[in-house]
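Chains as they are written, first to last, in the numbering used here: chain C, 1 to 475; chain P, 1 to 96.
It should be emphasised that the hints constitute simulated quantities derived from the structure, not laboratory data.
Derived DSS-like pairs (lysine-lysine); straight-line CA-CA distance at most 30 Å:
# : chain 1 : residue 1 : chain 2 : residue 2
1 : P       : K80       : C       : K86
2 : C       : K391      : P       : K44
3 : C       : K18       : C       : K108
4 : C       : K334      : P       : K80
5 : C       : K373      : P       : K44
6 : P       : K19       : C       : K411
If you want the building blocks of each chain, they are given just below.
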Amino acid sequence: MDAWPNLADIAASVNSGKSKAANLVEKSLVVLAEHKDFDVTISTLEERARTRAYEIDKQVESGKNAGRLAGVPFIAKDNFLTFGGKTTAASNILRPFEAPYQATAIEKLEAEGAICIAKSNLDAFAHGASTENSDWFVTKNPHDKTRVPGGSSGGSAAAVALRIAPFAVGTDTGGSIRQPASFCGVVGYKPTYGLVSRSGVVAMASSTDVIGPLTTNVEDAALVLDIMAGRDELDSTTIERHKSGYTDLPLGLKGKKVGVVAEYFDDSLQPEVRQVIVSAIDLLKKAGAEVSQVSLPSLPLALAVYYIICPAEVSSNLARYDGQRYGHFAPEAKNLEESYELAREQGFGAEAKRRIMIGTHVLSSGYYDAYYKKAQTVRTKIINEFDQAFKAHDFLVGPVAPTVAFKIGEKTADPLSMYLADIMTAAANIAGIPAISVPAGKDGDLPIGLQIMAAQGSDRQLLGFAKSFEEIAKW
Amino acid sequence: MSKLSRDDVLKLARLSRLKLSDAEVERFRGELSEILGYVEVLDKADTAGLEPTYQVTGLKNVSRPDSVKPYQALAKELLKNAPAVEAGQFKVKRVL
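Isolated chain C, as found in the complex:
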């Protein structure tokens, strides 16, 4: 796997005229073609990418700076609305869809000269933890083709691991950036909820959906975040960016108070994963971090909370797919009612249907208080426990997932076992806090990530700490 330089170095090289955006685009397309058998991408945006590269090279030739990501190729998960091809969210119902506008995150990246090369595979509508729920195909793990890359941003994680592009963007609703990052051995960053605009990204669970980067190192993740972060008039849930930005990071491990989350080290944790995480924690101790155990007793409930809130919001967000204005439609329908029912029956896969119906059930009158309201109240309890933990600790650490990448087909027969893959990541989404997966070690060929979480709004501190960890964890 031929490495790419750091993003800032690529951009500097393009801006100085030393390398050409056009060549970087071709390099990315060649690597993409070489790894065709991993089924990483759904579509390639070659024509638009080549045109943009030409324009960027022209800009540089005329003496202008083409931006902080000048000529840098990237891959976008196929739930980001982009020009130059289709946006399907890996679902049959959006198979014919061509976006009439672009996601704010994509617009911001393009404004800094980045070039979207291709759209990566995901579990349809980001519902899943393996890409096996994709209505297209299953992406293969770059380190073992018989295994999943994780999900739902599995295509984005695999693309970065295979060095198809130096960075990718994904979405994380219950772990969908961090878990594939862990499985593929790349850095995956889930920012504080609201830090990156969700405008133009196919909605899943609006109260926990976040957008973030997948990269080969923390510094690159910070740069991509810095470009995407901030208020957006098109997304009323966006928050102010930190006034110091996200690139000039506070570094150092010495004296940092690190809490090891006790609940993550139960019997379900695979021994090989435990060993890597324990070694990583030892490294932190040796580097002078003040490590202690911390308990968040309600954490084991986070997944149940998530699998009520998420389908509830999914059932509402997927109500818009009615086969009338865009997406799959059923010409054979005899009346309006049937045109809804057939478009949705034919266009949604099994997992989307499950979530829509679970969501409809937990929101229906008579069940609302018992399920939805109860879940949102336990959510408060979990948030309170995090608040308490962050009073005594700067960061919380633990595994990202209980296992390494699992075998393709291992969990597909039992939807609930697939849900359990999110067991260590969903809490951060419920609480809206930032969290990252940083490569920490391997079990044989299979990568294992360390999860680090910080208090809401502490993205700068978290990225700085993760970067410092990365420096001592070279393996």
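Following the hints, complete the assembly by docking chain P onto the known chain C.
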């Protein structure tokens, strides 16, 4: 409470505007019951005195000036994905 009947699934499918096949009804009856059984663990959680959290940003009443602005996409582009268009409008099956 968590065990769904065939009629429960049909009702949910109807509310969700999904025309399920018979095989799907049976399959989802089992799967949905299992998932609902799992989330029932929350019943035991003590939440006395706690309020639900519906969003985490703390933002309130985010508004903008009520003024006309040019939109990124033109009407023509917004219609290009429609299965049926007539006179610049979405065409749907008879409503009445």
